[in-house]
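Listed below are the residues making up each chain.
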Amino acid sequence: MSIDSRSTLGIPVARSKRWRSPRWWRMALKELREILRDRRTIITLVAMPLLIYPLLGVTMQKLLVTQLAKEAKVEYRITLERPKDIHLFRRLFGRGHVLVAQREGRELDPEQRPAGTIEDPILNMFASEDPGQDVDITSMVQNGDSDIGLRFIRLGDEEPLRCEIVYRPDSNNSRAVRRFVEDRFRAVNEAFAVERLAAQTPPEALPVAVKSVVLPRQPGATDAPFSLATLVPLILILMTVTGAVYPAIDLTAGERERGTLEALVSAPVPRHELLFAKYLAVLSVAMLTALANLFSMVVTAYASGLEGMLFGTGGLSVRVIVCTLGLLCVFAAFFSAVILVLTSFARSFKEAQAYLIPVMLVSLAPGIMCLLPGIEFNVTYAVTPLVNIVLLARDVFDDRVVPIWAMATLLSTVLYSAVALGAAARIFGTDAVLYGSDGSWSDLLRRPDEPRARPTLAQAMFGLAVLFPAFLILSSIPARWEGLSIAGRLTGNSVITALLFAGLPLVLTSVSRISWTTGLSLRGASLGAFAACAILGLSLWPFAYEMQVLLLSTERLEALEKLFAPFKAQLDAVPLWLKLLSLAAVPAVCEELFFRGFLLSAFRSAMSKPLSIAFSGAIFGLFHVIVQQSLFAERFVPTCFLGLVLAAICVRTGSLWPGMLLHVMHNGFLLSLSSFTDELKTLGIGVESHQHLPAMWLITAAIAVAAAVALLMNTPHPRDSHGVPKSWEH
Amino acid sequence: MISVTHLSRHFRSHGKTLVAVNDLSFEVRAGEVYGLLGPNGAGKTTTLRMVLGLLQPTSGDAVVDGFHVARDPDEVKRRIGLVSASAGLYQWLTPREMLLFFADLYGVEPDRAERRLVELCQILDIKRFLDQRCATLSTGQKQRVTLARALMHDPPVMLLDEPTRGLDVVGTHVVFEYISQLRSLGKAVVVSTHRLDEASHLCDRMGLLHHGHLQHEGTFAELQQVTGKATLFDMFLQLLGSPIPADEIAREEAVDVD
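Chains W and R supply the protein sequences, listed in that same order. Residue 1 is where the first sequence starts when you use the numbering used here, and the numbers rise one by one after that. Residue 1 is where the second sequence starts when you use the numbering used here, and the numbers rise one by one after that.
Check before you lean on any hint, since a few could be wrong.
Think about it this way: if two alpha-carbon atoms lie no more than 20 Å apart in a straight line, the pair counts; the simulated EDC-like pairs of lysine to aspartate or glutamate are [unchecked claim]:
hint	chain 1	residue 1	chain 2	residue 2
1	R	Lys142	W	Glu257
2	W	Lys30	R	Glu75
3	W	Lys30	R	Asp61
4	W	Lys350	W	Asp38
5	W	Lys30	R	Asp131
Rather than coming from a laboratory, the hints here were simulated on the basis of the structure.
Please construct the entire structure, taking both the sequences and the accompanying hints into account.
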């Protein structure tokens, strides 16, 4: 036995010398290989959908056929006592039927035979073939041979014609046909009375002439108690969940139970990377399940001709399939992360199942709620997990997606997934889970023992996941305070902004023992940096203005004006200082604390400077796209541009203060411009008129910007607490 | 190579603080086999887990090849191969797939991993079931694969927690012979075992643990001199007869701290 043996022993040696794919990908592939070799996964993944949908399809088809057959047999049997009255009945009934149809706003084709529907049932009339022989209608109805019996009585030529309807109150059909015939006769009588009154001199009328105004049917409107278009995404979501559950348990709690987890966490691989690979594997299986289910459902629906009923008003199309898959992917990303949190905490397969079953049952409730008629998107639903996805899928099927709700749904779901993943990574493989040592869910909220320099990426995601829905919900509140003056609303708005954008980062950093100096960049900066930012604050606005002029179309400008029209007149009455304070200074200061203080700092702890700047700028831009619960995508470019500039300044100076000054001045300048719209219009400047600024102004601003950048570049690099220049990092 | 200083670990259970390891200090040099011996609940496994960084010590520190486990856990992990009695295998993978996967986790490049696999196949005699699903292997075969997994990255330090549990006589012999080879290659080896007969021959030095305390430490001859007993078995009996502190009586039932 020798350790230095070089013999190949017939074992093939890999050709490649280095790995070509990242390690997390190779790890995910290994997890997938392991899961897909397990027959139980294959049963959930392939066998279930292949069996269930054809069975469901056949059942539904049978139900529909039975239903249609029932509807086609709306047929009433009427027996006339005397054969000679048959023509009289036809004449009176025919006229009444037309009058009722007119009253109900229905077109009636007199040439066409009644269709057998509720409105136009098939009437089968019976009378004796012998003109001289009467029929005993009472016994006919009594025996169930006829639904009703009709007897016309004419006592004399001058006497009015009477009609007796014989019916059985204990028979649904008998009652229905009696009401049906009586309605038509009553319509004839009413028309007669109206004509008679009109013929009077002077003409008279009924005390109240009633006329129904029938509106055209809305596309997609249905009288059904719930829409099948909602049921389909719910079924797909449930099946996707089913697909994710087994691998999630197997790869976390199962691994702990089998004793492989200890070996795995003994390797020099960060726990979050291990968990990310597992997450990718769970997500892949969930998506494979979704794909198998969608495929089976589509084929079944197409084969059984149910696609129009199942896939909304637009029916089955490539767009619907792609959108559904996309939504399922977002949902699977969310749910896989959530169940990984639970299964990572479980110490055994059984414990994981015990955690998951209540969660799955609870998650059914919002899904079923969406089946109820009349449930429409609002801010709360848009940020409620599962509800938002089901509603969005329904709207996709019905081709009536509202962009703001779609964006809120996607963004909030992605954020919740990131938070869940962060929590799972914190739990996975800890000694509490691995060895059952002291630990509980409260560990997730435990303050760290040591003070920290910067927030983590997981904390940033948590901050965003709290801020985004809260921002959507709370920012709509001041507009509802109708009794409050505009100054009061502005103050309320400022308080909400301060609570969200300043309060949240301050609380999060305090709870996590993160230094405000390093974690929020609340440290001093050189005078040169302040001077440069002051110049930028005065010189950046022309570029923001030009971007607005270039990007905003006349229609969008009109939409914006319409949106703010109710406030414009009131805003004019507010003193400029209050406007500057509430609309320029407070948002600028608070946004700086969150976006450049907290978020950028967290990004810097996990990625390079350029990526951190890019991400924080893009998120800053995204937040500004939402205006009064509407989406204005055109605002993304200018606000993202400003976000990038501010983030770059914060990284360069290491301080939040100069950027804050720039932001306040920039906001203030743009707001002041809007207060002097009339004066500016005389100079030919105004976004509304789509007129560009004079070239000289732009050149001057560009020179000022260049000077400010040069000044910034010459400011000293920030130093951290150990005296190492910040620029050395990354 | 391994330096453990004042290492302690307390667990909380049912409102009580239980001391699993108490102020433990020992050193293991390169090319030395150190036996961590003691009855169930002595704190052997807890000690090994803390050295590897899987359990956070309540106090104290462990240094492996110059790296502090608290400060550089990944560097420490990179230098250690762990063989645990409770370790399992991936049921749906073959030993080949599993061993190459672990080599990848430890940053071993593919061609080196393949060469290493060939070496270990010969040493541990695992070639004949290398492409068989792990679920179908016998206990002895599984233990060999576990041993191979810990050796794939050729670490300078080996922590072996009951490496012969479940092995037959031949398997045990192979493991102990291999441990001797590891010593000759200059690796630092810590073995926790119940096989006292083998330990006395195999280990260069031994630490006798009881209730988390290191009661005696030294070579077999030194231990004989200190305890006045001729065999490790007698030393064990002596240990078991020593009084247990009142606050630690419930420990074995409460927490798995062996």
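Hint check results:
1. R:Lys142 to W:Glu257: Roughly 16 Å between the alpha carbons, so the hint for Lys142 (chain R) and Glu257 (chain W) holds.
2. W:Lys30 to R:Glu75: Answer violated: Lys30 (chain W) to Glu75 (chain R) is near 24 Å, above 20 Å.
3. W:Lys30 to R:Asp61: 35 Å, violated
4. W:Lys350 to W:Asp38: Distance ~18 Å between Lys350 (chain W) and Asp38 (chain W) Cα, so the pair holds.
5. W:Lys30 to R:Asp131: 16 Å, holds
In summary, the numbered hints that this structure violates are 2 and 3.
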